[in-house]
Structures are given as structure tokens and as C-alpha cells.
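Take a look at the letters that make up each chain.
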Amino acid sequence: MKLAYEISHLLAGVMLVVSFALLYQQRIAAVLNAFAAQSITLALAVAWAAWSEDRPDLFITATIAFLLKGIVIPVALHRTVTRLGVHREVEKVVGVGMALLVGLALCGLSQALVVKIAPVAAGLARDELALAMAIVLLGFLMMIVRRNAVTQVVGFMSMENGLILAATGAQGMPLVVEVSVAFSVLIALFVFAVFVFRIRERFDTIDIEALDRMRGDRR
Amino acid sequence: MIEAYQAVVLVPYAAALVLAAVPGYRVGAIGNVIASAAAFAAGLWLMLGPPTVGSYAIVDEFNVLFVAINTLVGFTTALFSASYIGHEIETGRLSPGFLRFYHAMFQAMMGSMNLALVANNIGLMWVGLELATLITVVMVGLYRTPQAIEAAWKYFILASVGISLAFFGTILVYLAGQPVLGEGLQSMTWSLLQATAVRMDPALLDLAFIFLLIGYGTKVGLAPLHAWLPDAHAEGPTPISAVLSGLLLNVALYALLRFKMLMAGQPAALDPGPIMVVMGLVSLIFAAFMLYQRRDIKRFFAYSSIEHMGLMVFAFGMGGPLANFAGLLHMAMHSLTKSSIFFAVGHVAQAKGTQRFAEIRGLSVSHPRLAVALALAVLAIAGLPPFGVFTSEFLILTTTFARQPWLALLPAFGLLVGFGALLLRLQDTIFGEPVGPAHRVDASSVPMVLHLMLVLAAGLYLPPALVIWFRRAAELLG
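Chains as they are written, first to last, in the working numbering: chain A, 20 to 238; chain B, 1383 to 1860.
Quick caveat, the hints were computed from the structure, so don't treat them as lab data. All C-beta atoms, glycine included, are put in the ideal place defined by N, C-alpha and C. Keep in mind that a hint or two might mislead.
[To be verified] Taking beta-carbon pairs under 10 Å as the criterion, some of the chain A residues facing chain B (in silico): (1) Val121; (2) Leu148; (3) Phe159; (4) Leu194.
[Stated by the list, open to error] When the alpha-carbon atoms are kept at most 25 Å apart in a straight line, the in silico DMTMM-like pairs for lysine to aspartate or glutamate are as follows: (5) A:Lys21 - A:Asp146; (6) A:Lys21 - A:Glu110; (7) A:Lys135 - B:Asp1442; (8) A:Lys135 - B:Asp1653; (9) A:Lys21 - A:Asp73; (10) A:Lys21 - B:Glu1565; (11) A:Lys135 - A:Asp146; (12) A:Lys21 - A:Glu72; (13) A:Lys135 - A:Glu25; (14) A:Lys135 - B:Asp1588.
Just chain B, same shape as in the assembly (with noise of 0.2 Å):
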């Protein structure tokens, strides 16, 4: 009998295995759902089941929710890809093999993930988000069109030496742990390393978590470190788009968030706690303003994911349960705005044939629809009410204000700078004269109106039990 963090690790990696000998990529795609209901299925039956601390796996409230929301993302992602990619193969993007290749990556990607999510090891850590970073530079790269390579090249360079650092963090942080708990595998499991942080050598610490700040702040896509992140989110495939912004970066910023509460556990140690408001204070005002200049909605959006990134990080910097609740509560909501927003990018680019936004003009007449959907979802990512995203801005920057007022001013400024180029470009693509070419859409909507009306209810109505949740989660962050 298997436990359900294995599950989560397990069924996603034989899935890929199944997939990639699959041929027909109809039957991938179906492959493809099934594979992600039943990872979703595990994520929920890990969610249901006790907190276990084992020696390879660990399991509390902080890293089931990021589990759920993975698993969720994942399946929703999986049907979004099921109903577009097959236009991929009709425009002649891809072939049938390269199609099957992206199926098996999928399911490889996810279940790397999620092994770096449950793993209680720091180098089993590394070596998840190691891979499923490695799958998604192959992704990027899909299309093998001379900007397509570009982009994954210039991934694979930073991410590359992002990983690098982080490894050498890791090396550290061995390094640290070993006169405490000595040499083995322990001192490399992170429920022990926490438990006897307060023994380690505070120099030793502080300098490892600079290297894993630089080398896990290059995946969080934290500024100026964030240069791979608007050319991989354009160039690849759209659901991939979606599972990037959505999930991989979650993953790097949890990986960060261990590291921290490890800090916490040695006073002598440096605080992470302003490093990282600097730094999300920097990515989010720089992103806002970046957004005034893009062209390519892809990349808009993109650059948007570093702005939101920027306020989780300068919420779990800020540290305390009310502002880590609310940087919890926002990594959910922005994973699932942010994924429906490119599921409905997806459907405009097969409207419009093009990522241009100077092309994409006058939707509310063309595909009125899918222009009252893609409105929605700006909206929403904007932080305007009812919108889930809405209730944990407004916490973070009430929280921010009641401890220090002045700081409060810097994200809400960001904030209100990143509105203000939403709704402008908001504005041209919904009105005005359609140009260029009106495409059937053959993709479905399903899980971008799915994913709306979470964020909706959210917005409108947190049960009971979910707020527990997040609590406990909070207070394990510290």
C-alpha cells in the first residue's frame, strides 16, 4: 500500500512513462487528463490525511497547500492543453511526435514538482526543481522557431547558474548541519536540520542562504534576476505559459520559504526578513512599470507574474501570521488568476493568430464571449473586488500599514502602477474596430471559467476550515 506522498511523486512519473510510448496524440491528450485527475486525486487524499515527518518525505499544512494547488492547476492545465493543442498540429507547429514528447514532459514536469514540494531532504529539494526547471527549458524550446531557442537558451543559461548556486547553498547548509547532526543523509533532512538550526554556526547559515536566495530568487523570477521569465513565458506553448507562472515559481519561492523558516531557527543568524522585502519591493514597482512597454500580451502577463511574485515575497518577508496568511492566500489566488489568464490568452492568440497586442484589437465584437472572460480575469489579477485577489492584497497592504505605515505606501504605489497598464491594455484589446483575422476557437472554456469562479467565491466567501488551513500554515512559516 502506498502513502499518499508518494502518490503525488509516483503516479505523475509512471504516467510519463506511459505517455511517452503512447502514439496518436488524441489518445495522449486523454492520457494526459486522466493522469492529472488522479495526481489531483492524491493531492486531495494528502490534504485529508495526517501531517507524517519521514525520512525522505515530509508532510505538514505549509506544503500541502502548495500540493493542492499544484495537482489542481495541473489537471486543469491538462484539459485546457487536451482542447488546444490539437490546433497546434493543425497550423503545422508541431508534429504528432513532438506532441507526444510534450504529453510525457507534462506529467515528468509535475511530478518533479511535486517530489520537490513533499521531499523532507534538502538535495532531493534541489534535484526536483532541478528537473522539472530542465523540462520546462525543453518546452520553452518546442516550436524550434529561431525566437523559440532564443528564449530557452537564454533560460537555460540563468537557470542554469541559478541552480548552481542553489546547490552550493545546499552544499552549505550540509556543511552546517554536519558537526550538529553528523555526516549522512540526516544532516541533508530538513525536519532535523530545523530542529538543531539553533546549534549550527550563524556565519555559515547566513552565507548559504545568500547563495539560495540569488539561486532559488532566479526561478522565483525575482528582479534583476528575472530576465529568463517574460521570453520562456512568450515563446512556449501556452499551457505551458500557465504551469510556469503558476506552479514552477510557486515551487521556487517555497523552496525559499524553507530556507527562511531555517534562519528563523538560529538568532543569531542573519534576517532574511528585509533581504527578501527589498527584493520583492524591487521586482514588484519594476514590473509594474515594465508593463507600460510590452507588445506581446504573453510577455505583458509575464512581466505581471514577476509584480505578484514581488508582493509574496515582500509579504513572507514582512513575516508574522497575518502577513504570511495573506501571502499564502495570494500565492493561491494568483496561481489560479494567472492560469486562467493564459488559458484565455491561449484562446486569443487561436482567435487572432498572433500574440501582437497592436493585432489583437475590438474582441467584445469579434468573440464577445471570450472578450467578457478575458476582462474578468484581468480584473481580477488587477486585485479588483470581489475577486479573491482582491481580499489578499488588501491584507497584505492593511497589515503592512498597521505595522510600519510607511512602507505600506511602496507596494500599494506598485500596485496602483501595475493597475493602471492593465486597464489600458485592457481596454485596447476589448474595444475598438477588429483587425486582422477572426479564427474559430476550438479550445475549451471550461477551466478558465472554473478557475474564475474559485477565485470568485474566494473573494466573496472564505469557509471556515480553509481559513484554519491557511492559519496553520502561516504559523508553521513563523
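Extracted from the complex, chain A is given alone in its bound form (with noise of 0.2 Å):
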């Protein structure tokens, strides 16, 4: 039991790393290769759940993040990043020293909010809970502080790993699967959003300021 606690504590490290590594990478290529880095790390560690707790129905999450999110995805958007062949490098809304200070904080914020609650279940859930919001928050953090609507993709994306993390971590939560299905449709929209739509193609760019240009009130 211990062991097992111990495994599923790396893993979530992991993936609060790599949300940091998210962060402060400035070419979108490297981005994307983070994020799969990250899906991969998820996968595991949702396996891992699935064999130590002998839950095998996460085995179909583990097995959905890692195809998908840690393979198809990065891969799609890695070619829609060269095909479109402008828009190499990250565009910031803030500086990268800004926003690992308020990522930082933002780790803080939520062992400060978890250490609250009552130790529940031999305290599994609780360090676990504070890891996954912790890359929850960063994944937020990340679409409002990177423009491009591939990173903001992405951000969420790492937003959704951190919640697949917190529900893997809380035991026997049912729907789990469900969920981690549903959010992959949402992902395949949104994948589609910017491969189908083309937004390219009608605004010649993908940062978002040219959408914002759009705007119907602005006409």
C-alpha cells in the first residue's frame, strides 16, 4: 500500500513538472511535445491506479489518454503548426519569470486550501487532490497568459489531465470513464475548431488578437 502511494505521488509530480515546463517553453513544437510528455505521464499514472486498486475499468482511461492526447493530438497539432509555417514561437501575454512566479503561487494556493480538509480516507486523496488542482490551476494559467490558439488548446488540454488525475485519485468515484470519453469528444471539437474551421484560412494568422478583431460590435 505504501509503495503504491508512493508511485502514484511520483507520477503526479511529474505532471506538475511538466505544467511548469509548459510554461516557460518558447517554441510551440516544444509545447506540444511537453504536453504529450504530460499525457503519457497521466496514462501511467492512471494505470497504475487501475493495477494497485484493481479498478480495470481505468485501464480504458489510461488507454484513451495515451493514444489520444499522448499520440493522435500532439501529432495533429504538430503538423497544422508546420503546414501553417508562421507562428513558430510562443506569443506572451506576460513574461515567463511573471508567470512561474504566479504559478508558484497558485501551487501554494492550493496546498494552503487542501490542508484544510479533515484528512479523509488515511490521507491518500488529500496530497493527491492538492497535486491535481495545482496542475488544474496551471493549466488555466496557461490559457489566459499564451494567445495562440494552439497553446490555449493545449492549456486546456493540461487543465483536463489534472482532472482526470483528481477523479483517478478519488476512490471509487463512478463515471470516470464516461467523463474521460465526453472530454475527449470535447477535445476532438476543438481539435476541429482549428484544423475544419480553418481559422488560418479566413484570418491569414491564429493568434487570437485577429479574432478579437472580428468582433461583430466592431464593425
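Reconstruct the complex from the two isolated chains, following the hints.
What follows is the structure, given as C-alpha cells:
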């Protein structure tokens, strides 16, 4: 039991470290690689929970995380970015240093909030919860401080990785598999939005600022 | 034999499957009306039946009220849509294939909203609301103009963040329930959670509620999380604007209120009341001022929806039987009035071929009957007697005044500011010299008139049975 806990803790910790890595990347290709690494770590964490807690249905969630978010989506986004040819750099709203500082503060915040909660179920869920919340908040931060459409999608998906980690950590929570499928549909729609609507073709850029100019009110 | 609560969910979903297979948009539009009528009948059936609590579904006075409004407005919107949407094909904004998709999605959205309303499981409720939101995102982008895609994208990003945060809150509620109720489905069953809330960890509930408030609050359109709402209303098809304002915002509010009831079960947890009062007031006053700067008629009324959702959240935040009663009544009146306004706006957009205020003038000369209907609807939403919105706003203000006299000044101020903007815009559009083209209007005015008559009737006389029903629902809210 102790070892099982240490390993799941380690994997969740790696995911958090990758969340920080997502914040300081300069190139979109690197952001996508970091995201793939995070998703594969998530798949490992979920698979470990499935094996050590004997919850075989979680293997489905792990497989979806690995195939869809670890491989298919990063590859698809890589190809989009290459095809567009421009905007290989990450466009920032605030600098790397500032983003990392805010990220640290968010980690502290999630720890401080979770500490107030009475220890439930031998304290296992509590630490996982703090890590998962930090990953969710960092994903949120990434959506705010990076304004390119691709990096926003990655920020959202990283947020979702944190959610699935939290749902896995909640002992015996039903619907985890269903929800991970629903979320995958959501992501597919996101990628669909980037691909099929081909924002680039209409606006010549995937910078969200350009979209802002299209607001009907400013016609 | 299926139960009424199953019918309100299954009828629209089945209709969605059928409509997706029906070629020909005229048949699809008629099928859409028939399916919505059937769902409305199921809603009425649910209303007459006894309250039930099952492992997946819950039926009490509180959510039956929402289902009744949902299915009624769904039905009238389908009627409006059937007469309206043909015009979009004539003008080439939509192709018949997209219209087939539109009808199927309309029913799927109604089914998902009803699912969120009758679900007795916090996970299922989340799934219903998420599905309904995703479908509206697709509908908002239906015209595929750059503006529509921008609106859909923004809605998508903000709604997904809302969805994620609400889901995190749901996980936290499960974690709070798990030590009390044990692992598994029962710790997500709403009725069991509420019954045992007093034994849950207050700190965990606090944390959960903050996430749920931000998550579902995004959907309600509370400032400062409202940014998606005006664009989504303006760029999608008009029937969808009516459903967004009249129904989807309500369903999100419903989810929020369910969790407020849960919080009330644990006295040691934080009181959601003051937070909701503040968020409601900020939305109300902010939206009232924003009304003055709008140049697009649908964006204008979208901000008016933010204003009214703010007022409702304020009323529910005040709490107590009378304020809850007023809040629920206001919700019903707002749904009916705002959807009738969007129907009227649909007419105006067809007549003038634009949504810009600058190009909509002198309706009383070019389209006198439409001008009268629009004027009545706008006066109703502005809160003038004898319409039902006046009754509910008056109740909210008087009950606030009786308890916290100074606090009542703020919503009254916000409403007055909004009132000024509404009258100003109304005067510009109705009177003066007509400008621009004046096309024939094909859309049916029956749904619009029906809604206005209901709102007028509610303002003049509320039947005692209805009052008792609203009162019971308000008592459930605590």
C-alpha cells in the first residue's frame, strides 16, 4: 500500500513539473512535446491506479489518455503548425518569469486550501488532490497568459489532465471512464475547430488577437 | 411503461435521431415542432404527477418548474423556428443540409437540458449541462462567418473552462460525500448528499462550492465571466439566441441553486448567500451600464439577459421564502419575455436585413404591428406594470427593502439604469424616419404574442394554484 502510494505520488509530481515546463517553452513544437509527455505520465498514473487498486475499468481511461492525448493530438497539432508555416514562436501576454512566479503562487494556494480539509481515507486522496488542483490551475494560467489558439488548446488539455488525475484519485468515483470519453469528444471538437474551420484561411493567422478584431460590435 | 421524467429526456433524444435522418427541411421543421409539442406534453404530465426520488432521477416542485418552462419555451421556439428558418435558406445563409443538422441538434439540446434538470446525480447533471453547452457552441458557429466563428471560439474556450472547473467541484463534492455515504454511485446521488450534508467536511464543501460557483457561474453569465454571452447570442441563429437566454442560462442557474441547497445543509460551511448577492449585483449594475454602448440589437438584449440573471442570483442570494419566490417568478417571467423579444428581433432582422441599431429606425411607419409587439415586449422586460416582470421585480425590491433597506438601493439603481437604456433604444428603433430596406416578414408572430399574453396574464392575476406551486418550490430552496 505504501509503495503504491509513493509511486502514484511520484507520477502526479512529474505531471506538475511538466505543467511548469509548459509555461516556459519558447517554441510551439516544444510545448506540444511537453504536453505529450504530461499525457503519457497521466496514462501511467491512471494505469498504476487501475492495477494497484484493482479497478480494471480505469485501464480504458489510461488507454484513451495515452493514444489520444499522448500521440494523436500532439502529432495532429504538430502537423497543423508545420503546415501553417508561421508562428512557430509562443506568443506571450506576460513574460516567463512572471508566469512561473504566479504558477508557484497557485501551487502554494492549492496546498494551503487542501491542508484545511480534514484527512479523508487515510490522507491518500488529500495529497493527490493538491497536486491535481495545482495542475488544473496551471493549465488555467497557461490559457490566460498564452494567446495563440494552439497553446490555448494545450492549456485546456493540460487542465483536463489534472481533472482526470483528480477523478482517478477519488476512490471509487463512478463515471470516470464516461467522463474521460466525454472530454475526449470535447478535445476532438477543439482540434476540429482549429483544423476544419481553418481559422488561418480566414484570418491569415491563428493569433487570437486577430479573432478579436472580428467581433461584430466593432464593425 | 415509461415514466414522465424519462419521457422529457427520451422524447427529444429520439426525435434528434429521427430528425437527423429526415431529408427536406420543411418536413424537418414540422417534425421539430411535433417533437417539441410531445416534450411539452411530457413536461405537463411530469407537472401533474407526484414528486419522486429515484437513484438516477429526482422530481420535486423545484425542478418541475424548470422543466415546465423549458419544454414550453422549447415548443414555442420550435414553432417560431419553423416559420423563420426557411428565410435563412432563401437568403443563402444556410444550406438544407445544415438545416437538417440544426433541427437534430435543437432536439438534442432540449433533451440534454431536461437531463440536467431531472438528474438526481451530480455527475449526470454535469454531463447534461455540458452536452447542451457543446451543442449551442456548434449552433452559434452555424453560419460560419468570421464573426460567428470568433463567437463560437470564445464561447468554446470560456465554456470549456467553466465545464472543467465545475467538474473539479463535482469531484470535490464526491470526496466530501464519500466518507459519509461510502464509495460508488450513492456519493454522487443528489438527494442522499443533501440528506447527509451535515456530516460532511465543511472545508471540502467550501472549496467545492467555489469551483462550482465559478464553473456554473460562467454559464449563468455572471460578470466578470460573461464575455462569451453577448457574442454567442448575436452571431447564432435567432431561435438559438431565444433558447440560450430563455433556457440554458436557467439550467445553469438551477445547477448552482442545487449546490446552494447542499451548502445550506452544513451550517459550518460558508454561506453562499452573501457571495451570490455580490456577484448578482455586480452583474446587474455592470450589464445595465453596458447596455448604453451596444450597437447591435441582439448584443443589446444579451446584456439585458446578464442584467436579469444578476437580479435573480441576487434574489436567491438573499434567500428566505419570499425572495426565493420572487426569484423563481422572475426567472419564469424573464424566460417568457426575453424569448418573445428575441422572436421579435428575428422579425426585425428579417424586415431590415441587419442587426445594427443604426439601420433599424422608424419601425412604426414601415412595420406597425411588429413595432407594437416589440414595444410591448421591451416595456415588459423593462419592468413596467401590468406585466409579470413588474410583479417579480417589485417583490424582489420590497422584500430586500424590508430586510436590508440600504441594500435595496443597489438593485433599484441598476434596474433604473437599465430601464433608461431600454427606453432610449426603443424610441430610436420605433420612431423616426424609416431607413434602409423594408422586406416582407415571413416568420409567425403567434409564439411572440402567446408569450406576451402569458406574461401579461401573470402580471394581472396569478392563479392560487400557481402561487402555491411557486411557494413550495421556494420553500425547497430554503
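Comparing the hints with the structure gives:
With its C-beta approaching chain B no nearer than about 17 Å, Val121 of chain A sits outside the 10 Å limit, and its interface hint is violated. The beta carbon of Leu148 of chain A is positioned within 10 Å of a beta carbon in chain B (closest approach about 7 Å), and the interface hint is therefore held. Among the interface hints, the one on Phe159 of chain A holds; its C-beta lies about 7 Å from the nearest C-beta in chain B, closer than the 10 Å criterion. For the restraint placing Leu194 of chain A at the interface with chain B, the shortest Cβ-Cβ distance is roughly 4 Å, inside the 10 Å limit, so the hint holds.
With a CA separation close to 14 Å, the supplied pair Lys21 of chain A and Asp146 of chain A stays within the 25 Å bound. Distance restraint check for Lys21 of chain A and Glu110 of chain A: the Cα-Cα separation of roughly 43 Å exceeds the 25 Å cut-off, and the hinted pair is therefore not satisfied. In summary, the hint linking Lys135 of chain A to Asp1442 of chain B is not supported, as the alpha carbons are separated by about 35 Å, beyond the 25 Å threshold. For the suggested pair Lys135 of chain A and Asp1653 of chain B, the alpha carbons sit about 17 Å apart, so the restraint of at most 25 Å is met.
At most 25 Å may separate the alpha-carbon atoms for a hinted pair to count; Lys21 of chain A and Asp73 of chain A meet this at roughly 16 Å. Under the criterion of a C-alpha separation no larger than 25 Å, the hint pairing Lys21 of chain A with Glu1565 of chain B is consistent with the structure, at around 21 Å. For the proposed pair Lys135 of chain A and Asp146 of chain A, the alpha carbon gap of about 12 Å is at most 25 Å, so the pair holds. Between the alpha carbons of Lys21 of chain A and Glu72 of chain A the distance comes to roughly 12 Å, so the proposed pair stays at or under 25 Å and holds.
The hinted pair formed by Lys135 of chain A and Glu25 of chain A meets the criterion: a straight-line CA distance of about 22 Å does not exceed 25 Å. Proximity of Lys135 of chain A to Asp1588 of chain B is assessed by CA-CA distance (about 10 Å); at most 25 Å being required, the pair is judged to hold.
Checked against the numbered hints given earlier, the structure breaks hints 1, 6 and 7 and satisfies all the rest.
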